[in-house]
Structure formats: C-alpha cells, structure tokens
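Trainee: Which chain is which? The protein sequence lines are A and B, in order.
The opening position of the first sequence corresponds to residue 282 in our numbering, with each subsequent residue numbered one higher.
The opening position of the second sequence corresponds to residue -1 in our numbering, with each subsequent residue numbered one higher.
These are calculated hints, taken from the structure and not from any lab test.
Note that the structure is predicted; figures quoted are calculated from it, not measured.
For every residue, glycine included, the Cβ atom is placed at its ideal position computed from N, Cα and C.
Incorrect hints may appear among the rest.
Said to hold, decoys possible - Using C-beta positions, here's what the derived DEER-type ranges look like:
| hint | chain 1 | residue 1 | chain 2 | residue 2 | range |
| --- | --- | --- | --- | --- | --- |
| 1 | A | Arg464 | B | Val303 | 49 to 59 angstroms |
| 2 | A | Glu503 | B | Gln156 | 34 to 44 angstroms |
| 3 | A | Gln523 | B | Arg216 | 13 to 23 angstroms |
What the hints assert, rightly or not - To give an idea of the interface, some chain A residues facing chain B are shown, with a C-beta separation under 10 angstroms as derived from the structure:
| hint | residue |
| --- | --- |
| 4 | Pro356 |
| 5 | Lys385 |
| 6 | Phe387 |
| 7 | Leu509 |
Here's the letter readout for the chains.
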Amino acid sequence: MTSYLSIEHVHKTFGEGPTASEVLRDVDLHVDRGEFISIIGHSGCGKSTVLNIVAGLLETSTGAVILDGKEVSKPGPDRSVVFQNHSLLPWLTVRDNVALAVDKTFKGTKSAAERREWILQTLDMVGMSHALDKRPDEISGGMKQRVGIARALAMEPKVLLMDEPFGALDALTRAHLQDEVMRIQSELGNTVLMVTHDVDEAVLLSDRIVMMTNGPAATIGEILEIDLPKPRERLVMADNAQYNHYRAEVLRFLHERHKNPESEAA
Amino acid sequence: MMSAILDRNMTFGAGRERPAAAETSTAPVARSAPPSARSGGAPPPDPGLWGRRMRHAATVVLPPVIVTAIFLFLWEMMTSSQGAVLPGPSQVITDTWELIVNPFYDHGGNDVGMAWQLLASLERVAYGYALAVVAGIGLGVLVGQSTWAMRGLDPLFQVLRTVPPLAWLPISLAAFQASNPSAIFVIFITAIWPIIINTSVGIRNISQDYVNVARVLRLNGFEYFTKIMLPAAAPYVFSGLRIGIGLAWLAIVAAEMLIGGVGIGFFIWDAWNASMLSDIVLALVYVGLVGFFLDRLVAIVGNWVTRGTQAG
Ligand SMILES: Nc1ncnc2c1ncn2[C@@H]1O[C@H](COP(=O)(O)OP(=O)(O)OP(=O)(O)O)[C@@H](O)[C@H]1O
Ligand SMILES: [Mg+2]
C-alpha cells in the first residue's frame, strides 16, 4: 500500500567537507490523505528542515519525498506554506500580500471579482479585515502571523505545511485560529503537516504526533496516534482522561527521554 | 535624530525659566509649551503651536543662517584687504547683478542667461543619467542574479569604475565625433558604476524568506522581478541612484569646460578666460544649489518608493 505523502528515508546534511552538519538522519514518515500530523521536538532539531523539504524549498541529501505518486523536487500548486517567521512582503499591504497568492493560484479558475471576494473572505476568517490596507510594519507580530495563515489557506492547497503558525498569538486568537484550521481541514480534507512547540495544540489538532529526537542528526523518535473522535471541543477535552494521557505521553517524551541539551547544561 | 538632540539641548538651555512656566500652565500643556514662548511678552493665541514654531525656527533654521552669515562675514573680511585677488560677496553681487536679475536673457550663441546655461547642463545630465539608470539597473540585476556574470563582470567593473570621468572624454570624442554626445557619454559612464554595484548588492541581499515565498507562490521570472526583486532591492538601488546623480553633476561641469557650447561648465571656463571671477563665484553657487536639489530629489523619490520596505 502506498500512502498519499511519503517521506522516505530522508537524510539532510548542510554544507560540505569539514563544515558539513548532518541535520536529519533517516526520517521516514507515511501520511494518508486528509491526515493532520504535528511535528514536535526541541528547538533546532530540524523540524523546519523537514517541512521545507516537503515544501520543495530544500533538496534532500539522500532519500525522497513522494506526494500523490510523484517525487517532490520543487514547490507546487498542491502545497502551501505558513512560514515560521510569517514572511510577509513588507512592501505590500495586507490585502496585496494575500492577493499575490490568490491571483497566482486562481488566475484561470476564478474571475477578478471572485478573487477579490475570496481575499476578503480569507482575511475576514483570520480576523484581519480591519487592516486590509496596512503594511506589515504597521501591524503586530500576531497579526502578521494571521495574514501569513490567510495567505496559505487562501490557496486551498491539498497539503498545508505550517511552521509554528500560532506561535506569536495570544491564547484567545490562537484558540480561534486553531478552531478555524480544524474546521477548514475537515471541510476541505487537506492533509496538514504542522510544526509546533505546544503540546496541547498538538494533541487537540492531530491525528498523529511525530516526536523528533534532538539534533544533530535528528530523526523520528516516536509517533503517537491520537485516537480521539473529531470534531474535538477544547473545553470538553480538558476533562477527557484519554486526552490528558496523550498530553502526558508527549511531555514525557520531551522531558525525560530527550532532555533539551541546553537545559541539561544549565 | 539631529533635531531630536537639538530639541533636548534647547529644553535644557531654557531650564532656568522652567519654574515660572510650570506655575502658570496646566499640566498636560506644560511639556509642549516651552518657557521661551511666554517670556516673549504678549501671549499668542495658541502657545503650544507657537512654541513649536519657535523651537522649530530655533533648531532648524537658525543654525544654518548663523553659520552662513559668519562664513560670508569672514569671506568679506579676508577679501576686503588691499591686495586681495578674489572678490568678496558684496563685490560678487555688484559684479553679477545683471546676471542674477536676468536669468533668461538670450543674446544668441553662448551669450545666454544663467538659467539657460544650467538647463543646458541639466539636459545633458538628464540624458546621460537616464541611460545610466536603465543600463545600470539592468547590469546590476544581471550581476546580482548570476554568479557567472558576477565572476566575469565584477573585475572589469572594479577596474573601470576607478577611471576618472574626464579620462573617458577623449575616447568618446573620438568615437562620437561630436561634443554633445561625448558629454552625455561621460555622464553615463560616471553615473553607472554606483548604480550597477548597489543594485547588484541589493539583489544579492534579498532575504531567503522572500525567495521562499516567491517559490511557494511559484512566481514566474517577470513576476519575481517586479513583485519581489525590485521592491526588495529598492533601498540599495536608490542609494546607488543618489550617488550616481551626485557624480553625474560633478562630471558635467568638468566635461563642459572641455567641450564648449552652452552649459554651466563652459560658462565657468569662459568667465575664467575673461578674468570675470565674480561670474565664476556666482556659477559655483548655482552649481552647488542645483546639485543639492538633484540629490534631494532622488532622495525624496527614493523615500517615497521604498516606504515600508525597510522593516521586516
Ligand atoms: N541553510 C542552512 N544551512 C546550514 N545549516 C542549517 C540551514 N538551515 C538549518 N540549518 C541547521 O539545521 C538545524 C535544524 O534547523 P531547523 O530550522 O530545521 O530547526 P527547527 O527544529 O525548526 O528549530 P526551531 O524550533 O528553533 O524552529 C539547525 O542546527 C540549523 O542550524
Ligand atoms: Mg523551525
């Protein structure tokens, strides 16, 4: 059986010769269509690298990524990315940042008016319709992140790659956007790969949580299957024994088995 | 920055009057209304606004006025002695009064008003500079984008850019067989190097983040050029353009001295041959002012175009 998205024995080494650093060693992961996967691990272990390889922004050293039967070698219309640092273009307004993606993606399939409407709709969804004509340097970090999410969602990708998408958000906005992502994902059936540091977020959203070992030469340490029915209500989940068990599992992995080297040194 | 510092000094300087001001003004206004505003006799209707104007005048307008006055005074002193060879400011103004009040006269040939002389020079600069902008940005993009082009062209550029502008003049006179195109070429070749070099640095420094965005959105070459590359590199490009316009204006005067015809450079040369030093001084003032305005113009356009691109 072949899965929708396979990361097959991927190794990644940056640089060559004496300065080479091996970041990923034999990362192997098989994802089904419509699955929601979280990647969790200590800072610097290589989570973003995995995501960028799937996005087609980085090449593997050995191994391959196969998406829907085809090897990934460059970015494609089937994947969009929410970047860790939001990566909005500072010379474009909020609206134009999203428009760039929407106009490019739906040039042939949506009329100009439909595209304009769709831009407003996605920005409204992340609660940013009040700042359409602001430039990125005029809005807060959390707002930038929301626009980055809107830009990626607006492309309606089959595979959504999110690198700590909710990192700089306050708890309320974060919960709201998590709910939105869950709703959109169940509606459109996208396959999602999300990097996160937040254990609750991982357990609430994911079908499986991929836990990575510490770098250098990080790999997948454990994969935790989250067998909770969807849709999940965050308030209900707080009292759910199963949920709390999963949560503890992830924490145990992060704290006991793979202590953060920095905190160990301290 | 500068004016902020001056502002602060200003406040400290006026400190001794502060108690009186604090006594009479309500708390929120106290800061914005400097004490000097009320020590000046009749209180104006809006002390806050008036105070700001006064402070603005004191910090921004006053220093250059004072320094210029001192400069003119020293100049006058040094040239008023018996054996002085150079004219003083008052002498310059009396000698050139006709030129100052009639900038647009036209007696045919080279004998035209200062405005025409400057416009003739500006026209040459405009042609040469426009060509340099187009070619410079084009080459800069090429060198910034392609490592091969950079390796090949960079050594050549680094050598050629050190050639003094006027050294190009004989070659271009020989090539064009006419003085006007030669002068334009000298402007072009003088202004192009900082434009090429700054543009290519700007292109090389485009953040990997933006490149990644472009790749994920799958922008094509043209879209990448207009939506990412130009705006991202714009601050660098404009610093190149600004250096370029300065160099172009520096070179035009020297080039025109050699090629003759109408133009501020030849006007200076002509005045020198006729021993009219006051005319030369007047021309220098005009050259300086025009150069200053050209620089400001490019800076203003640059600020307007690159607004927003500085912050991530
Ligand atoms: N282009 C690159 N060249 C060389 N080394 C790199 C490059 N990109 C990443 N690395 C290295 O790879 C390792 C993993 O980086 P990565 O950004 O994937 O970590 P991460 O798990 O996303 O960390 P964080 O949680 O802090 O975002 C780091 O040690 C980093 O220094
Ligand atoms: Mg990362």
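Trainee: All hints are to be evaluated individually against the structure, with a verdict given for each.
Mentor: These are the hints, each one checked on the structure:
Evaluation of the 49 to 59 angstroms hint for arginine 464 of chain A and valine 303 of chain B yields a failure: the beta carbon distance comes to about 41 angstroms. For the pair glutamate 503 of chain A and glutamine 156 of chain B, the beta carbons lie near 56 angstroms from each other, so the given range of 34 to 44 angstroms is not met. The hint said 13 to 23 angstroms for the Cβ distance between glutamine 523 of chain A and arginine 216 of chain B, and at roughly 42 angstroms that hint is violated. For proline 356 of chain A, the interface hint holds, the least distance from its beta-carbon to any beta-carbon of chain B being 5 angstroms, beneath 10 angstroms.
A hinted interface residue such as lysine 385 of chain A counts as satisfied when its beta carbon comes closer than 10 angstroms to some beta carbon of chain B; here the least separation is about 5 angstroms, so the hint holds. For the restraint placing phenylalanine 387 of chain A at the interface with chain B, the shortest Cβ-Cβ distance is roughly 12 angstroms, beyond the 10 angstroms limit, so the hint is violated. The beta carbon of leucine 509 of chain A comes no nearer than 32 angstroms to any beta carbon in chain B, farther than 10 angstroms, and the hint placing it at the interface is violated.
Going through the hint list in order, the structure does not satisfy hints 1, 2, 3, 6, 7.
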